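S.K.: Chain A is already provided as a structure; the job is to place chain B on it using the hints.
Here the protein sequences line up with chains A and B, keeping their order.
For the first sequence, counting from 1, position 462 maps to 462 in our numbering; every step adds exactly one.
For the second sequence, counting from 1, position 154 maps to 154 in our numbering; every step adds exactly one.
Please keep in mind that the hints were generated in silico from the structure rather than gathered at the bench.
None of these values were measured; they are calculated from a predicted model.
Check each hint, because a few of them may be wrong.
Which copy is meant is left open, because identical chains are indistinguishable; a pair holds if it fits in one copy or across any two.
Stated by the list, open to error - When the alpha-carbon atoms are kept at most 27 angstroms apart in a straight line, the in silico DSS-like pairs for lysine-lysine are as follows:
no. : residue 1 : residue 2
1   : LYS384    : LYS61
2   : LYS231    : LYS311
3   : LYS22     : LYS61
4   : LYS552    : LYS190
5   : LYS65     : LYS245
6   : LYS245    : LYS257
7   : LYS196    : LYS233
8   : LYS57     : LYS311
2 protein chains.
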Amino acid sequence: MDISLEHKRHTLAHLLAYAVLKQFPYALPTIGPAIETGFYYDFDFRAGEALTDAHLKDIEKTMKKTLSSWKSFSHRVVTPDEARTVFEGNPYKTALIDDLEKAGETITLYSVGEGDRAFTDLCRGGHSEFPATDISTDAFALTTLAGAYWRGSEANTMLTRIYGIAFDTKEAFDTYRTQQEEAKKRDHRKIGVEMKLFTLSPLVGSGLPLLQPHGAIIRHELEKYLWDLHKNKEYLRVWTPHIAKEVLYETSGHAAKFGDELFRVSGKEEKFILKPMNCPHHMQIFADNQFSYRDMPVRYFEPATVYRDEKTGQLAGLTRVRAITQDDGHLFCRVSQIDAEVSTIVNIIKEFYKTMNLLDGYWVRLSVRGEGGQYIGEDAVWEKAESALEHAAQKQSLNYTRVEGEAAFYGPKLDFMFKDAIGREWQLATIQCDFNLPERFNLSFINELGEKERPVVIHRAISGSLERFMGVMIEHFAGNFPLWLAPDQIRIVPVSDLHNAYATLIHTELRAIGIRVSLDTSNESMGKKIRNAKKERLPYFVVVGDKEVAEKTVTLESRNGTSQNMTLNVLGNHLLAEIESKQIS
Amino acid sequence: MDISLEHKRHTLAHLLAYAVLKQFPYALPTIGPAIETGFYYDFDFRAGEALTDAHLKDIEKTMKKTLSSWKSFSHRVVTPDEARTVFEGNPYKTALIDDLEKAGETITLYSVGEGDRAFTDLCRGGHSEFPATDISTDAFALTTLAGAYWRGSEANTMLTRIYGIAFDTKEAFDTYRTQQEEAKKRDHRKIGVEMKLFTLSPLVGSGLPLLQPHGAIIRHELEKYLWDLHKNKEYLRVWTPHIAKEVLYETSGHAAKFGDELFRVSGKEEKFILKPMNCPHHMQIFADNQFSYRDMPVRYFEPATVYRDEKTGQLAGLTRVRAITQDDGHLFCRVSQIDAEVSTIVNIIKEFYKTMNLLDGYWVRLSVRGEGGQYIGEDAVWEKAESALEHAAQKQSLNYTRVEGEAAFYGPKLDFMFKDAIGREWQLATIQCDFNLPERFNLSFINELGEKERPVVIHRAISGSLERFMGVMIEHFAGNFPLWLAPDQIRIVPVSDLHNAYATLIHTELRAIGIRVSLDTSNESMGKKIRNAKKERLPYFVVVGDKEVAEKTVTLESRNGTSQNMTLNVLGNHLLAEIESKQIS
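Just chain A, with the same shape it has in the complex (with noise of 0.2 angstroms):
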């Protein structure tokens, strides 16, 4: 976010626990930071004042008002026990106070309003100069009351998180507004469990779903999609386990970059750690391979599962998950074969996207190293693998922004940013080169002099990861997958009865040619059974009746509203060339 609109986010914390503390005096005031998409502020409110969204409009109104009039922010440097003085009676801005004083900082205090009804803040700074001039009151709201431990620590008191949202303009506020709507709407969860796609058991646990007959569909597909677009690329496909001695993790310098988040094995006689990456693993193959320089690149394939203990609190539906199946892969090549490489992947994500409906407006980042970095590896390397990428995704017509300093310490790399269906943005596919694995696992190949040559790593993920990556489609398609990804493809109604054998007949013959086909003979009335196959999202059914039965044809009928009646024969072919073009819907 730019920094002018930081400021106004920070300063609009300010004017939220102004107008909280004006309607609750005695309520205590802790930290409000500006956050992504605006602002929040916690409160000790004590005993007794339990808020409700009713308060929070008055506060709104509040905040509003004064906002008019707020010419000018004030501040004032003070020592530590002059702040003391201005915060007594409340520990938290006390203890904020200690902890800048044992870090020999100077203490700011910013002032909302004016004389007694001031509210007075501990705070470094960064806000909007003239507030009443830079914000606009239509840019701004309060939107939701949380929980929230004092310095994130269930051992601290629970506190109020009011939360707001700031843009610069009642248009970006509006836009935003109108795409959290439109996401709850297409919320993943939701959508889950009317399509029957996956399943939260509390007995296997959070952040761990069991994806149900119509998810595993989708995720074989894209399995399979992804698998195909590298088959005739010279990649091979591998298996690894899910687990290894901690070693591994010891010498790939995982086990120090996760922590915590590393899942520990026990067993009888050994400890292993359950994969927090595949990398290391597919290091193992390559390394047990004498290659030479004719063998190179070596490319690797695997759609495979990793663990990561994500704090239970954050965990949600497919998209914040401790098991994530990363459709990764590994190349070994040269230095000089980086440029081509990343070309044929960079192909296999547009290819890929471009079947999402996700390739317009998309943009990727290069990141490279920058000043004072601590990087491993060469630079001569360095700088030729920065080209290499630099140069693939000029050839490629990338739109690309180069940041300087934002480059892995184990090489430069390429993220691509998405925009999907209702202009949120989603990182998601990532091309990363690599000097540090290489070198950790001393891996080598016979170059033409007949000396051992080190290879440089590529790692590439094109979906990511698929729990995610089906999450975000799932909203990005609002559900309505196109033909080729819906679990249910079509379904057949009969008017009654009397239709049931010709139904069966279509269900068979389309069964047999490969379609996902269902067959409604319940009871239920024929709107019902109409209104159940929109709900499920399916994106064709077939109305059977006299007609249809007479005549030896089919309707179909689209969740899009179309209709084209066709013969039997026709609507098989219809269908698989539809499936086949993997056509958006």
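M.R.: Only chain B this time, still in chain A's reference frame:
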């Protein structure tokens, strides 16, 4: 093994101890039982005596010489103190006597040989009555030396174990010997290296093979074939994570059953178990639906990896592993549907094993309840399930043996035993009824009366475990996989650089139709190139020289020595037809 053979083997263990003590009077005998293919005896040779294979030859000679004059086996009952006197100075035998005394058991001594030269052993009995007559000197041999801890504990002294093999007849002995030699040649660990199928990495750990690209091809072909056999039979694929909370396995009963074979997973906030079975996960998928009798049976399919903590010392290659991928399936049905469902599964098993060339001489064990066993479920349901399994076995003309008392506590089952190419028997497929898990997870569907009805679960695995099955198949085919399973199907070998263009054309055309083809343009000699192809067990290779270039043909040579001239177009179709039919070559 039959009792009489077990008695012979046990008798030979005594004879072995006699012969060893004759040559090494100060060695301390410990224990010596009959085992599956013969017998062993463990000795404490004390300092200084390192046995070699040459010693084994001598000892075997003594055994054979003694046997011919060993008319009968004398024995007497003694008191514990008398026994202690006989074994004075042997702490092992003394410990065994103490145990027998504590248990209040009768102590008997058995002697081989006469007078001073007799070897008397502490023994419960169970021998051949007339060794010289009963046991053929041509039907046994000493085979190997090994180390073994006293009472199997690493805390105790390491003893020297001498293994022998013994059979009823010379013919059986020779058959076993030949089979062993053949098995050694076919050892999947050896072939696995030659064909580059899998890798064992000390950094990853024992019993955790990683599949190299060639191994992954075989695995994917098997998985694909297994799914092909199920997908038109209303099976639905599901997907489940590899961990679950302990409570899942406490509910299922697996926590108690698997005990210390479970891998325990600890996270920051929660504890999990690395799944030892897929069943409990599949129960959760079923439980999250409200099925009616119209939906039954519900059939889930998932080839999924489970983990069991086998002892490090018992792990080997692909057949004894800690990561076990079951081609798992669970059916939920009514008791009245068991018969038909089992028939469908039997058909799948027959088709699968016919393709694997394993259908000759297979037999099936039908395990039913026995007297006095502890079983869960109502008698009437058991009777129906047992007769449904038996009825399906009869209808399918299975060569089955009904074994009373061998059922699991949770239901009756059918286990399928197959003989491989060198006559070894493997228990692979299984079909098991389960009345327990539906009860434990309180599963139900709504029946015709609108009431909740408990389904029966049928567990089924066709290949058993993909890792073990791959190991068995590597040895069954001796690495000479049928074309559809062969990782590298055909190699193009140009005679010289002049033929590279045409060789590349063949390579490109075969790749385009999905054949796994490789091109050998290395600088090796023709002879070496062909030897390499044969060593890597490629089903086919094609040598491209002047004649082929001129005539635009290829000569297809098989690893079996057949050869056939054809056009390039015919070659493609020829290979595709062989793959499609999964022909045994």
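S.K.: Have a look at LYS57 and LYS311 and pick one of within, between, both or neither, based on CA distance no larger than 27 angstroms.
M.R.: For LYS57 and LYS311, the Cα distance exceeds 27 angstroms both inside one copy (33 angstroms) and across copies (65 angstroms).
S.K.: Classify it for me, LYS384 with LYS61: is the Cα-Cα distance of at most 27 angstroms met within a copy, between copies, both or neither?
M.R.: neither (58 angstroms within a copy, 73 angstroms between copies)
S.K.: Taking 27 angstroms as the upper bound on the Cα-Cα distance, should LYS231 and LYS311 be classified as within, between, both, or neither?
M.R.: neither (37 angstroms within a copy, 38 angstroms between copies)
S.K.: Taking 27 angstroms as the upper bound on the Cα-Cα distance, should LYS196 and LYS233 be classified as within, between, both, or neither?
M.R.: For LYS196 and LYS233, the Cα distance is within 27 angstroms only across copies (21 angstroms; inside one copy 35 angstroms).
S.K.: Between copies, within a copy, both or neither: which fits LYS22 and LYS61 at Cα up to 27 angstroms?
M.R.: within (12 angstroms within a copy, 105 angstroms between copies)
S.K.: Give the relationship of LYS65 and LYS245 under a CA distance limit of 27 angstroms: within one copy only, between copies only, both, or neither.
M.R.: For LYS65 and LYS245, neither the intra-copy (62 angstroms) nor the inter-copy (53 angstroms) Cα distance is at most 27 angstroms.
S.K.: Checking an output row: LYS245 and LYS257, CA cutoff 27 angstroms. Within, between, both or neither?
M.R.: both (16 angstroms within a copy, 26 angstroms between copies)
S.K.: Quick one: LYS552 to LYS190, C-alpha cut-off 27 angstroms, is that within a copy, between copies, both, or neither?
M.R.: neither (39 angstroms within a copy, 62 angstroms between copies)
In this structure, the earlier hints numbered 1, 2, 4, 5, 8 are contradicted, and the remaining ones agree with it.
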